[in-house]
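K.L.:
Sequence:
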Amino acid sequence: MTAATDPVKLMKQKVGKAAADLVKSGSIVGLGTGSTTAFAIQYIGERLKSGELKDIVGVPTSFQAEVLAREYGIPLTTLDATDHIDIAIDGADEVDPQKNLIKGGGAAHTREKVVDYLADQFIVVVDGGKLVDRLGSVFAVPVEVIPMAVTPVMRAVAKLGGKPELRMGVKKAGPVITDQGNMVIDVKFDSIDDPVNLEKTLNNIPGVLENGIFVNCADRVLIGEVKDGQPVVREM
Numbered sequence: 608m609t610a611a612t613d614p615v616k617l618m619k620q621k622v623g624k625a626a627a628d629l630v631k632s633g634s635i636v637g638l639g640t641g642s643t644t645a646f647a648i649q650y651i652g653e654r655l656k657s658g659e660l661k662d663i664v665g666v667p668t669s670f671q672a673e674v675l676a677r678e679y680g681i682p683l684t685t686l687d688a689t690d691h692i693d694i695a696i697d698g699a700d701e702v703d704p705q706k707n708l709i710k711g712g713g714a715a716h717t718r719e720k721v722v723d724y725l726a727d728q729f730i731v732v733v734d735g736g737k738l739v740d741r742l743g744s745v746f747a748v749p750v751e752v753i754p755m756a757v758t759p760v761m762r763a764v765a766k767l768g769g770k771p772e773l774r775m776g777v778k779k780a781g782p783v784i785t786d787q788g789n790m791v792i793d794v795k796f797d798s799i800d801d802p803v804n805l806e807k808t809l810n811n812i813p814g815v816l817e818n819g820i821f822v823n824c825a826d827r828v829l830i831g832e833v834k835d836g837q838p839v840v841r842e843m
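Residues in the sequence shown are numbered consecutively from 608, following this note's numbering.
Be careful, since some hints might not be right.
Using 25 Å as the maximum straight-line C-alpha spacing, the simulated SDA-like pairs for lysine to any residue come out as follows [stated by the list, open to error]:
id : residue 1 : residue 2
1  : K624      : F670
2  : K795      : G776
3  : K834      : G788
4  : K766      : I812
For each label pair, taking beta carbons as the anchor points, the in silico distance ranges come out as [unchecked claim]:
id : residue 1 : residue 2 : range
5  : K795      : E653      : 12 to 22 Å
6  : L773      : E653      : 31 to 41 Å
7  : R677      : A780      : 28 to 38 Å
Simulated from the structure, these hints should not be mistaken for laboratory data.
Glycine included, every Cβ here is placed at the ideal spot set by N, Cα and C.
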């Protein structure tokens, strides 16, 4: 099967395009991280190049998003240079029925949270496999921690009932290092009954910079699925 006929890739492209189509000329756009969001960035760039979109500037949430935006010709700005974000597009690792999210599989959740919460409209792009009845069903909660605090933070989250594990690099020796120069602890909880309070509790642990629970921030969730071999997009 070639990439052009891979139904999963086609589905991600379709979801990315659906999100990109929501961007209007003159917008400041938060550019998220991940494979599906990458297609949204690509299509925004293509709309700019064709003249369909004008006067767009992006605020990237990671080095990955920054590189992709430059590749596709999207001008970039920073939060120092703008006072608002009109629309943000980002992925998620889990989405519950209340549109609460777990993010951070790419270790970019701190910057993502800053940008996504600032946006007037936050669009989440996912495939159907990311939908869960309750947060934490599949994915651990990523917690970004300053290096000196890794051990005490791991002790603290264990007291909360979590099972902490330091995220290690792939194809490199040692732990994953975030764009901020910190480490990530992945914390598995048997059940997350109250994501709103858990998000606050984790962030109140000294040494924690930010965690991957996103609550009360997603406005629209675009869900890609493959049905009868064809990619489709629906909205939550």
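K.L.:
Indicate, hint by hint, whether the structure satisfies it.
P.N.:
Structure-based check of each hint:
For the hint linking K624 to F670, the alpha-carbon distance of about 22 Å falls within 25 Å, and the restraint holds. Between K795 and G776, the direct Cα distance comes to roughly 18 Å. Compliance with the 25 Å bound is thereby established for this hinted pair. For the suggested pair K834 and G788, the alpha carbons sit about 42 Å apart, so the restraint of at most 25 Å is broken. Proximity of K766 to I812 is assessed by CA-CA distance (about 12 Å); at most 25 Å being required, the pair is judged to hold.
Distance hint check: the CB atoms of K795 and E653 are about 39 Å apart, inconsistent with the given range 12 to 22 Å. A C-beta distance of roughly 40 Å is found between L773 and E653, which places it inside the suggested range of 31 to 41 Å. Checked against the hint of 28 to 38 Å, the pair R677 and A780 passes, with Cβ atoms roughly 30 Å apart.
Of the numbered hints given earlier, the model fails hints 3 and 5; all others are met.
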